[in-house]
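A.B. asks: Here are the chains, one letter per residue:
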Amino acid sequence: MPNKLVEVKNLKKHFAVGRGKVLKAVNDISFDVYEGETLGLVGESGCGKSTTGRTIIRLYEATEGEVFFNGENVHKISGKKIKDFNRKMQMIFQDPYASLNPRMKVEDIIAEGMDIHGIYKGEKRRERVFELLETVGLNKEHATRFPHEFSGGQRQRIGIARALAVDPEFIIADEPISALDVSIQAQVVNLLKELQKEHGLTYLFIAHDLSMVKHISDRIGVMYLGAMMELADSEDLYAEPLHPYTKALLSSIPLPDPDIEESRERIILSGDVPSPISPPSGCPFRTRCPEAMETCAVKNPEWLEARPNHFVACHLYDPNLHKE
Amino acid sequence: MSETLLEINDLAVSFSTQGGEVQAVRGVSFAVAPGETVAIVGESGCGKSVTAQSIMRLVPEPPGRIKHGSIHLNGKDLAALSDKQMRSVRGKQIGMIFQDPMTSLNPTLTVGDQLTEGILTHENISKSEAEKKAVELLNLVGIANPQERLKLYPHQFSGGMRQRIMIAMALMCKPSLLIADEPTTALDVTIQAQIIDLFKEIQEKTGVAIIIITHDLGVVAQIADRINVMYAGEIVESGTVKEIFYKPQHPYTRGLLTSVPRLDGDRSQPLIPIAGTPPDLFSPPEGCAFTSRCKYAMEVCRAYDPAVTHLSDRHFTKCWLQDERAEKPF
Ligand SMILES: Nc1ncnc2c1ncn2[C@@H]1O[C@H](COP(=O)(O)OP(=O)(O)O)[C@@H](O)[C@H]1O
Ligand SMILES: Nc1ncnc2c1ncn2[C@@H]1O[C@H](COP(=O)(O)OP(=O)(O)O)[C@@H](O)[C@H]1O
Ligand SMILES: [Mg+2]
Ligand SMILES: [Mg+2]
Chain A
1 MPNKLVEVKN LKKHFAVGRG KVLKAVNDIS FDVYEGETLG LVGESGCGKS
51 TTGRTIIRLY EATEGEVFFN GENVHKISGK KIKDFNRKMQ MIFQDPYASL
101 NPRMKVEDII AEGMDIHGIY KGEKRRERVF ELLETVGLNK EHATRFPHEF
151 SGGQRQRIGI ARALAVDPEF IIADEPISAL DVSIQAQVVN LLKELQKEHG
201 LTYLFIAHDL SMVKHISDRI GVMYLGAMME LADSEDLYAE PLHPYTKALL
251 SSIPLPDPDI EESRERIILS GDVPSPISPP SGCPFRTRCP EAMETCAVKN
301 PEWLEARPNH FVACHLYDPN LHKE
Chain B
1 MSETLLEIND LAVSFSTQGG EVQAVRGVSF AVAPGETVAI VGESGCGKSV
51 TAQSIMRLVP EPPGRIKHGS IHLNGKDLAA LSDKQMRSVR GKQIGMIFQD
101 PMTSLNPTLT VGDQLTEGIL THENISKSEA EKKAVELLNL VGIANPQERL
151 KLYPHQFSGG MRQRIMIAMA LMCKPSLLIA DEPTTALDVT IQAQIIDLFK
201 EIQEKTGVAI IIITHDLGVV AQIADRINVM YAGEIVESGT VKEIFYKPQH
251 PYTRGLLTSV PRLDGDRSQP LIPIAGTPPD LFSPPEGCAF TSRCKYAMEV
301 CRAYDPAVTH LSDRHFTKCW LQDERAEKPF
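Protein chains in written order, with full-length UniProt numbering: chain A, 1 to 324; chain B, 1 to 330.
Derived by calculation from the structure, the hints in this document are not laboratory data.
Here are the simulated lysine to aspartate or glutamate pairs, EDC-like style, with alpha carbons at most 16 Å apart:
hint	chain 1	residue 1	chain 2	residue 2
1	B	247	A	257
2	A	83	A	72
3	A	12	A	61
4	A	247	B	264
5	A	83	A	112
6	B	200	A	261
To spell it out: a stretch of chain B is covered by chain A in this simulated footprint if at least three of its residues, at any positions, have a beta carbon under 8 Å from a beta carbon of chain A; those stretches are:
hint	stretch
7	149 to 163
8	208 to 221
9	271 to 277
These figures come from a predicted structure and were not determined experimentally. Yeah, the Cβ is synthetic: ideal placement off N, Cα and C, and Gly gets one too.
Okay, chain A solo, but in the shape it has when bound (with noise of 0.2 Å):
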């Protein structure tokens, strides 16, 4: 079994939103990330995956939970190894447009991190821009450019050589393609994957186009309204979801192939994703779970190891509850 780099326990991150009331935005959830994999982190909109990422970084304080990096709590760090473990964890946003500085040269942007950590100094610091550059798939000439000068594939690259300026062990990427045209998605998600095998990189890749996830992911967590629904390897997702909310939302999504558009059934989930405010008693997904029981509602599922590796947070595969 390869080395545990992250793990991550019964982290929750609550938003206070006024009137006393409360957003759970991530509520109670476990995984561990091996060092060397990638883990793709999926679900709808607002269901917390781009805050896990944000406290997994300590970008959030966590309002309960832990996160370990290399077996040390991250919430906890302090003195000199704040800067270490910065160095060593990095994220890629979403957004190539808003998550460069405009009025940055494109070789600050890139140098910014070495600058802060004090690495890669003088002569070294241009050479090491220039070598990123390449690395990502740009070249020198680009260097005393402005991010306005760039198309989005290209500023997501700058993105991605900034990441890889100090070094770093893991990566979180948030979305890092959403905002790309399909051709440009696979420029970017190619170079991810070469990058992962020169360097041994980690990565925790959050997106919602599940076809993609599963190309980039060995794992793959399924999120819903704040909660962990199911983990699982991709390929095992992908051929035995085992949560209702996973089979549905596999089948929503289209395939680029008419043949199988025009025979395949599809599981179409009623209604909208509840408010996190006030989300349903019990286990999150009842209130649209074709499957939903008396239960789902009173007890909130456990996280089971319903297969090998595969763990799964719904009653239907709760032992203790069908042995009667």
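Go by the hints and put chain B with the ligands onto chain A.
C.D. replies: Structure of chain B with the ligands alone, referenced to chain A:
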């Protein structure tokens, strides 16, 4: 199908901007038959929305200008209509749906008021009859408790619900053509599935023809009868859904198809992207606009615009590889 609902001929649209003339649409021709669904696909900036705006005569002029070409709806030349006549065409014969329903809903009016007001401007009926119709429309688009919902304001609905309301508005006067510009792009997949289902259902019930603009090839495979693939302001390939998905002839179409992973695909196979980015439309290159990104580009592609080659009665492509002297790479 010999009948034609909409016919576009050699349409060209430009915008004058500080940087110069943007040639957004460069000679587009296609037809839509009653009741069929035609998809327009292509990367952002290739002229899909401007094509749709031209049909509805909603291109902002200035900076936009229709340089040449004609658009006929039921045999009538839309360019010859007065603004007033055109407004009536937009309400009664062509319905429109956009990516972001909030831009076309009035945030200060209840959904009921907006619907009845719309119905009353196009039909000579009483207010209570119009209200009854509004309820029927919400029923048609699958909104439960329509009487209650009519009293709500647009912001009180979710994104998917708002899109349903937009569809209800577009269908108000039983149009013969619905133009939907990225109608599901802002929605989550489970909601997208609901909306696509709704389109199919409505088409079955009302026989409306649909032009759908989308960048999602999965959506296209699900809903379209025919596909126009646009690149840099031109249609570079057109055909039935099956012709485009299973026998794509233009290297650009092939590139779009190999860029997307398949749910049932092999993870170890890298995706095959299209290299580079689309050309800028200030000065579209001589010859074929795709040349600089094309794996199969030949000398001739740089210098001369390729001719249209017909491969079946509905399948055509604009590519030099079709020339009998060219070597066939696939
Ligand atoms: N800073 C914040 N303050 C209050 N609510 C927030 C904040 N950030 C996110 N949320 C809410 O938390 C929920 C989860 O959001 P997010 O993690 O961004 O979801 P996702 O990335 O899956 O779309 C949403 O309901 C969102 O509105
Ligand atoms: N109002 C406008 N003013 C200037 N340029 C415009 C305007 N509308 C569209 N364009 C340009 O026309 C081209 C085609 O745009 P559009 O049809 O919106 O592309 P898409 O295929 O993404 O829908 C783009 O280069 C765009 O920048
Ligand atoms: Mg997010
Ligand atoms: Mg558009």
